[in-house]
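J.: Residues in the sequence shown are numbered consecutively from 1, following this note's numbering.
Calculated directly from the structure, the hints in this document are not laboratory data.
All C-beta atoms in this analysis are idealised placements derived from N, C-alpha and C, irrespective of residue type, glycine included.
Heads up, a few of these hints could be off.
[To be verified] Straight-line Cα separation of at most 35 Å, DSBU-like style, residue types lysine-lysine; simulated pairs: (1) K156 - K188; (2) K219 - K39; (3) K174 - K220; (4) K188 - K219; (5) K188 - K174; (6) K91 - K39; (7) K220 - K39; (8) K219 - K174; (9) K156 - K91; (10) K188 - K220; (11) K188 - K159; (12) K159 - K91.
[Stated by the list, open to error] What follows is a set of in silico ranges between Cβ atoms, one per label pair, in the way DEER data are often shown: (13) S44 - E67: 22 to 28 Å; (14) D55 - Y190: 38 to 44 Å; (15) L215 - Y138: 22 to 28 Å; (16) N214 - D55: 35 to 41 Å; (17) G272 - E125: 31 to 37 Å; (18) S44 - Q130: 43 to 49 Å.
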Amino acid sequence: MQVYRKQIKRRNALRVVSLLLAAAFVTGCMQTRMQARLKDSDRSFAAGSILSLPDGRPIDFDTLVAELAETPVVFVGESHTSRSHHAIQLKILTALADLRPEISVGMEMFDVDYQPLLDRWSAGELSLEQLVEATHWYANWRYDITLYEELLTFVKDRKLRLVALNIPPHIPPKISTGGLDSLLPSEKSYLPRRLDTSDSRHREWVERIFRQHNLRGRKKFDYFYAAQCVWEDKMAESIVASLGSGQMVVLAGNGHIIRKFGIPDRVSGRNGLETRTVYLVTAGSTFTLADGDYVWVTPR
1 MQVYRKQIKR RNALRVVSLL LAAAFVTGCM QTRMQARLKD SDRSFAAGSI
51 LSLPDGRPID FDTLVAELAE TPVVFVGESH TSRSHHAIQL KILTALADLR
101 PEISVGMEMF DVDYQPLLDR WSAGELSLEQ LVEATHWYAN WRYDITLYEE
151 LLTFVKDRKL RLVALNIPPH IPPKISTGGL DSLLPSEKSY LPRRLDTSDS
201 RHREWVERIF RQHNLRGRKK FDYFYAAQCV WEDKMAESIV ASLGSGQMVV
251 LAGNGHIIRK FGIPDRVSGR NGLETRTVYL VTAGSTFTLA DGDYVWVTPR
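My request is simple: use the sequences and hints to build the entire structure.
T.: In C-alpha coordinates, the structure reads:
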(Lines of atoms letter the chains of each structure in order from A and count residues from 1; the text may use other names and numbers.)
(Lines give C-alpha, C1' and ligand atoms only; values in the text may rest on other atoms or scores of the structure.)
Protein backbone atom coordinates (compact mmCIF):
# COMPACT_ATOMS: atom_id res chain seq x y z
CA MET A 1 0.00 0.00 0.00
CA GLN A 2 2.81 2.39 0.93
CA VAL A 3 4.61 1.68 -2.36
CA TYR A 4 1.37 2.29 -4.22
CA ARG A 5 0.92 5.67 -2.48
CA LYS A 6 4.45 6.67 -3.43
CA GLN A 7 3.71 5.81 -7.05
CA ILE A 8 0.53 7.92 -6.95
CA LYS A 9 2.45 10.87 -5.47
CA ARG A 10 5.18 10.52 -8.09
CA ARG A 11 2.58 10.32 -10.87
CA ASN A 12 0.77 13.39 -9.56
CA ALA A 13 4.04 15.28 -9.29
CA LEU A 14 4.89 14.43 -12.89
CA ARG A 15 1.41 15.53 -13.95
CA VAL A 16 1.89 18.90 -12.22
CA VAL A 17 5.28 19.38 -13.89
CA SER A 18 3.75 18.53 -17.27
CA LEU A 19 0.94 21.03 -16.73
CA LEU A 20 3.40 23.72 -15.70
CA LEU A 21 5.54 23.06 -18.77
CA ALA A 22 2.48 23.15 -21.00
CA ALA A 23 1.35 26.41 -19.43
CA ALA A 24 4.79 27.91 -19.93
CA PHE A 25 4.78 26.81 -23.55
CA VAL A 26 1.32 28.32 -24.17
CA THR A 27 2.32 31.54 -22.41
CA GLY A 28 5.47 31.74 -24.50
CA CYS A 29 3.48 31.22 -27.70
CA MET A 30 0.97 33.87 -26.65
CA GLN A 31 3.75 36.34 -25.93
CA THR A 32 5.26 35.63 -29.34
CA ARG A 33 1.91 36.11 -31.05
CA MET A 34 1.38 39.38 -29.18
CA GLN A 35 4.39 40.91 -30.91
CA ALA A 36 5.20 41.81 -34.50
CA ARG A 37 8.60 40.71 -35.74
CA LEU A 38 10.96 42.68 -37.93
CA LYS A 39 11.72 40.36 -40.84
CA ASP A 40 15.22 38.84 -40.96
CA SER A 41 15.92 40.19 -37.48
CA ASP A 42 15.61 39.17 -33.84
CA ARG A 43 13.74 42.40 -33.03
CA SER A 44 10.06 42.23 -32.14
CA PHE A 45 7.58 44.79 -30.90
CA ALA A 46 4.50 44.59 -28.69
CA ALA A 47 1.06 45.86 -29.65
CA GLY A 48 0.94 49.63 -29.24
CA SER A 49 4.47 50.18 -30.51
CA ILE A 50 4.90 52.99 -33.06
CA LEU A 51 8.10 52.96 -35.10
CA SER A 52 9.58 55.61 -37.35
CA LEU A 53 11.04 54.02 -40.46
CA PRO A 54 13.45 53.26 -42.02
CA ASP A 55 15.54 53.23 -38.83
CA GLY A 56 12.92 51.49 -36.69
CA ARG A 57 13.13 54.13 -33.95
CA PRO A 58 10.26 53.90 -31.40
CA ILE A 59 8.22 57.11 -31.06
CA ASP A 60 5.17 58.08 -29.05
CA PHE A 61 1.77 59.10 -30.39
CA ASP A 62 2.29 62.83 -29.86
CA THR A 63 5.48 62.73 -31.91
CA LEU A 64 3.70 60.83 -34.67
CA VAL A 65 0.89 63.38 -34.82
CA ALA A 66 3.29 66.34 -34.79
CA GLU A 67 5.16 64.88 -37.77
CA LEU A 68 1.99 64.01 -39.66
CA ALA A 69 0.37 67.39 -39.06
CA GLU A 70 2.67 69.14 -41.54
CA THR A 71 2.17 66.54 -44.28
CA PRO A 72 -0.33 67.35 -47.08
CA VAL A 73 -1.46 63.74 -47.60
CA VAL A 74 -1.42 61.17 -44.79
CA PHE A 75 -2.22 57.54 -45.57
CA VAL A 76 -3.37 55.25 -42.78
CA GLY A 77 -3.63 51.64 -43.85
CA GLU A 78 -5.89 48.85 -42.69
CA SER A 79 -6.79 45.23 -42.85
CA HIS A 80 -10.42 45.76 -43.74
CA THR A 81 -11.94 43.49 -41.08
CA SER A 82 -9.72 44.64 -38.18
CA ARG A 83 -11.59 46.74 -35.63
CA SER A 84 -8.31 47.68 -33.95
CA HIS A 85 -7.08 49.12 -37.26
CA HIS A 86 -10.18 51.25 -37.64
CA ALA A 87 -9.85 52.45 -34.03
CA ILE A 88 -6.30 53.62 -34.76
CA GLN A 89 -7.42 55.34 -37.96
CA LEU A 90 -10.01 57.24 -35.93
CA LYS A 91 -7.46 58.14 -33.25
CA ILE A 92 -5.08 59.60 -35.81
CA LEU A 93 -7.87 61.41 -37.67
CA THR A 94 -9.22 62.92 -34.45
CA ALA A 95 -5.81 64.22 -33.40
CA LEU A 96 -5.12 65.75 -36.81
CA ALA A 97 -8.61 67.26 -37.09
CA ASP A 98 -8.09 68.97 -33.72
CA LEU A 99 -5.00 70.64 -35.18
CA ARG A 100 -6.33 71.25 -38.70
CA PRO A 101 -10.13 71.63 -38.70
CA GLU A 102 -10.17 72.02 -42.51
CA ILE A 103 -8.90 68.47 -42.98
CA SER A 104 -10.64 66.18 -45.47
CA VAL A 105 -10.95 62.40 -45.50
CA GLY A 106 -10.45 60.25 -48.58
CA MET A 107 -11.83 56.73 -48.57
CA GLU A 108 -11.08 53.79 -50.83
CA MET A 109 -14.47 52.36 -49.85
CA PHE A 110 -16.54 54.64 -52.13
CA ASP A 111 -16.26 55.10 -55.87
CA VAL A 112 -16.36 58.54 -57.48
CA ASP A 113 -19.98 58.28 -58.65
CA TYR A 114 -21.12 58.59 -55.04
CA GLN A 115 -19.45 61.92 -54.28
CA PRO A 116 -22.74 63.88 -54.17
CA LEU A 117 -24.05 61.44 -51.56
CA LEU A 118 -20.89 61.80 -49.46
CA ASP A 119 -21.34 65.58 -49.60
CA ARG A 120 -24.84 65.10 -48.22
CA TRP A 121 -23.48 62.85 -45.48
CA SER A 122 -20.97 65.47 -44.38
CA ALA A 123 -23.74 68.05 -44.36
CA GLY A 124 -25.77 65.90 -41.98
CA GLU A 125 -28.56 65.19 -44.46
CA LEU A 126 -28.39 61.38 -44.40
CA SER A 127 -28.68 58.72 -41.73
CA LEU A 128 -26.24 55.82 -41.76
CA GLU A 129 -28.95 53.53 -43.07
CA GLN A 130 -29.67 55.95 -45.93
CA LEU A 131 -25.97 56.22 -46.76
CA VAL A 132 -25.60 52.44 -46.83
CA GLU A 133 -28.59 52.05 -49.14
CA ALA A 134 -27.85 54.98 -51.44
CA THR A 135 -24.18 54.04 -51.98
CA HIS A 136 -24.99 50.34 -52.42
CA TRP A 137 -22.46 49.61 -49.68
CA TYR A 138 -23.12 45.88 -49.47
CA ALA A 139 -23.09 45.46 -53.25
CA ASN A 140 -19.81 47.35 -53.67
CA TRP A 141 -17.67 47.20 -50.53
CA ARG A 142 -19.46 44.39 -48.67
CA TYR A 143 -17.59 44.60 -45.34
CA ASP A 144 -19.67 45.15 -42.21
CA ILE A 145 -20.62 48.83 -42.04
CA THR A 146 -20.17 48.82 -38.26
CA LEU A 147 -16.42 48.53 -38.87
CA TYR A 148 -16.53 52.06 -40.32
CA GLU A 149 -19.45 53.53 -38.39
CA GLU A 150 -17.41 55.48 -35.83
CA LEU A 151 -15.16 56.93 -38.52
CA LEU A 152 -18.09 57.99 -40.64
CA THR A 153 -19.92 59.45 -37.65
CA PHE A 154 -16.86 61.49 -36.70
CA VAL A 155 -16.68 62.90 -40.23
CA LYS A 156 -20.35 63.82 -40.09
CA ASP A 157 -20.19 65.35 -36.59
CA ARG A 158 -17.18 67.50 -37.55
CA LYS A 159 -18.67 68.29 -40.98
CA LEU A 160 -15.45 67.22 -42.67
CA ARG A 161 -15.31 66.80 -46.42
CA LEU A 162 -15.53 63.13 -47.29
CA VAL A 163 -13.97 62.24 -50.64
CA ALA A 164 -14.76 59.20 -52.79
CA LEU A 165 -11.54 57.89 -54.33
CA ASN A 166 -12.23 54.67 -56.13
CA ILE A 167 -13.09 53.57 -59.63
CA PRO A 168 -16.46 51.74 -59.95
CA PRO A 169 -15.79 48.23 -58.59
CA HIS A 170 -16.81 46.30 -61.70
CA ILE A 171 -14.06 47.85 -63.84
CA PRO A 172 -10.80 46.41 -62.38
CA PRO A 173 -12.05 42.79 -62.66
CA LYS A 174 -12.91 43.40 -66.31
CA ILE A 175 -9.41 44.69 -66.98
CA SER A 176 -7.76 41.80 -65.12
CA THR A 177 -9.63 39.25 -67.24
CA GLY A 178 -9.81 40.98 -70.62
CA GLY A 179 -7.38 43.90 -70.63
CA LEU A 180 -7.99 47.60 -71.09
CA ASP A 181 -9.30 47.16 -74.64
CA SER A 182 -12.16 45.01 -73.38
CA LEU A 183 -13.82 47.93 -71.59
CA LEU A 184 -16.88 49.64 -72.95
CA PRO A 185 -16.50 53.31 -73.97
CA SER A 186 -18.53 54.37 -70.92
CA GLU A 187 -16.19 52.38 -68.67
CA LYS A 188 -13.06 53.85 -70.28
CA SER A 189 -14.28 57.31 -69.23
CA TYR A 190 -13.42 56.38 -65.62
CA LEU A 191 -9.80 55.51 -66.39
CA PRO A 192 -7.09 57.75 -64.94
CA ARG A 193 -5.61 60.26 -67.36
CA ARG A 194 -2.17 58.86 -66.64
CA LEU A 195 -1.40 55.19 -66.08
CA ASP A 196 2.03 54.25 -64.72
CA THR A 197 3.10 50.63 -65.17
CA SER A 198 6.84 51.38 -65.04
CA ASP A 199 7.70 50.80 -61.35
CA SER A 200 9.63 47.53 -61.27
CA ARG A 201 9.38 47.24 -57.46
CA HIS A 202 5.60 47.50 -57.62
CA ARG A 203 5.36 45.11 -60.55
CA GLU A 204 7.49 42.52 -58.76
CA TRP A 205 5.38 42.80 -55.60
CA VAL A 206 2.08 42.43 -57.50
CA GLU A 207 3.45 39.53 -59.56
CA ARG A 208 4.46 37.67 -56.41
CA ILE A 209 0.87 37.92 -55.18
CA PHE A 210 -0.44 36.88 -58.60
CA ARG A 211 1.75 33.77 -58.65
CA GLN A 212 0.61 32.74 -55.18
CA HIS A 213 -3.03 32.48 -56.27
CA ASN A 214 -4.68 30.54 -59.02
CA LEU A 215 -7.30 33.10 -59.98
CA ARG A 216 -9.91 31.74 -62.31
CA GLY A 217 -10.10 33.68 -65.57
CA ARG A 218 -6.98 35.70 -64.76
CA LYS A 219 -4.22 33.98 -66.67
CA LYS A 220 -2.41 36.99 -68.13
CA PHE A 221 -0.32 38.86 -65.59
CA ASP A 222 -0.12 41.95 -67.81
CA TYR A 223 -3.90 42.30 -67.59
CA PHE A 224 -3.83 41.73 -63.85
CA TYR A 225 -1.10 44.30 -63.37
CA ALA A 226 -2.85 46.87 -65.55
CA ALA A 227 -5.95 46.48 -63.37
CA GLN A 228 -3.93 47.09 -60.22
CA CYS A 229 -2.31 50.21 -61.66
CA VAL A 230 -5.63 51.56 -62.93
CA TRP A 231 -7.09 51.05 -59.49
CA GLU A 232 -4.28 52.89 -57.72
CA ASP A 233 -3.72 55.62 -60.30
CA LYS A 234 -7.43 56.42 -60.20
CA MET A 235 -7.34 56.85 -56.42
CA ALA A 236 -4.20 58.98 -56.68
CA GLU A 237 -5.88 61.15 -59.30
CA SER A 238 -8.96 61.55 -57.09
CA ILE A 239 -6.81 62.61 -54.13
CA VAL A 240 -4.94 65.26 -56.13
CA ALA A 241 -8.15 66.61 -57.68
CA SER A 242 -9.82 67.02 -54.27
CA LEU A 243 -6.88 68.06 -52.11
CA GLY A 244 -6.77 71.82 -52.61
CA SER A 245 -4.53 73.65 -50.14
CA GLY A 246 -5.56 71.63 -47.08
CA GLN A 247 -4.64 68.25 -45.68
CA MET A 248 -6.21 64.90 -46.48
CA VAL A 249 -6.18 61.71 -44.44
CA VAL A 250 -6.59 58.74 -46.78
CA LEU A 251 -8.01 55.47 -45.48
CA ALA A 252 -7.05 52.54 -47.70
CA GLY A 253 -6.01 48.93 -47.49
CA ASN A 254 -2.44 48.15 -46.52
CA GLY A 255 -1.83 46.66 -49.96
CA HIS A 256 -2.36 50.06 -51.57
CA ILE A 257 0.12 51.91 -49.36
CA ILE A 258 2.86 49.38 -48.59
CA ARG A 259 6.30 50.70 -49.63
CA LYS A 260 4.45 53.73 -51.06
CA PHE A 261 4.48 52.39 -54.63
CA GLY A 262 0.72 51.86 -54.78
CA ILE A 263 -1.16 55.12 -54.22
CA PRO A 264 1.30 57.40 -52.33
CA ASP A 265 4.06 57.61 -54.96
CA ARG A 266 1.43 58.13 -57.65
CA VAL A 267 0.11 61.12 -55.71
CA SER A 268 3.58 62.62 -55.35
CA GLY A 269 4.24 62.01 -59.03
CA ARG A 270 1.24 64.15 -59.91
CA ASN A 271 1.65 67.12 -57.59
CA GLY A 272 5.12 66.81 -56.07
CA LEU A 273 3.72 67.01 -52.55
CA GLU A 274 4.98 65.00 -49.62
CA THR A 275 3.03 61.98 -48.42
CA ARG A 276 3.47 59.90 -45.30
CA THR A 277 2.16 56.43 -44.60
CA VAL A 278 1.19 54.75 -41.35
CA TYR A 279 1.34 51.01 -41.99
CA LEU A 280 -0.65 48.99 -39.46
CA VAL A 281 0.88 45.63 -38.54
CA THR A 282 -1.07 43.09 -36.52
CA ALA A 283 0.78 41.42 -33.64
CA GLY A 284 1.94 37.98 -34.68
CA SER A 285 2.92 39.07 -38.20
CA THR A 286 6.14 40.37 -39.71
CA PHE A 287 7.13 43.63 -41.36
CA THR A 288 10.15 45.27 -43.00
CA LEU A 289 11.77 48.67 -42.55
CA ALA A 290 10.66 49.58 -46.07
CA ASP A 291 6.93 49.00 -45.54
CA GLY A 292 6.03 52.63 -44.77
CA ASP A 293 7.08 55.85 -43.10
CA TYR A 294 5.73 54.52 -39.81
CA VAL A 295 4.65 51.15 -38.49
CA TRP A 296 2.06 50.83 -35.74
CA VAL A 297 1.74 47.39 -34.14
CA THR A 298 -1.87 46.59 -33.34
CA PRO A 299 -3.59 43.90 -31.22
CA ARG A 300 -4.94 40.83 -32.93
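J.: Using the beta carbons of D55 and Y190, state whether their distance is inside 38 to 44 Å or not.
T.: With Cβ atoms ~40 Å apart, the hint holds.
J.: Does K39 lie within 35 Å of K220 when you go C-alpha to C-alpha?
T.: 31 Å, holds
J.: Quickly compare the C-alpha distance for K156 and K91 to 35 Å and report which way the hint goes.
T.: At roughly 16 Å apart (the allowed maximum being 35 Å), K91 and K156 satisfy the hint.
J.: Are the Cα positions of K174 and K220 separated by 35 Å at most?
T.: Holds - the C-alpha atoms of K220 and K174 are around 12 Å apart, at most 35 Å.
J.: Starting from the range 43 to 49 Å, see whether the pair S44 and Q130 falls in it by beta-carbon distance.
T.: 45 Å, holds
J.: Measure nothing beyond the straight line between the CA atoms of K91 and K39; if it is 35 Å or shorter, mark the hint as holding.
T.: 27 Å, holds
J.: Below or equal to 35 Å on CA atoms is what counts here, so check K188 against K219.
T.: 22 Å, holds
J.: For a C-alpha distance cap of 35 Å, please report whether K219 and K39 respect it.
T.: 31 Å, holds
J.: If you draw a straight line from the CA of K188 to the CA of K220, is it 35 Å or shorter?
T.: Holds - the C-alpha atoms of K220 and K188 are around 20 Å apart, at most 35 Å.
J.: Does the structure keep K188 and K174 at a Cα separation of 35 Å or less?
T.: 11 Å, holds
J.: The hint says 31 to 37 Å between G272 and E125; measuring C-beta to C-beta, is that right?
T.: 36 Å, holds
J.: Would you check the hint for K188 and K159, treating anything up to 35 Å between C-alpha atoms as holding?
T.: Judged against 35 Å, a Cα distance of about 33 Å means the pair holds.
Hint violations for this structure: none, all hints satisfied.
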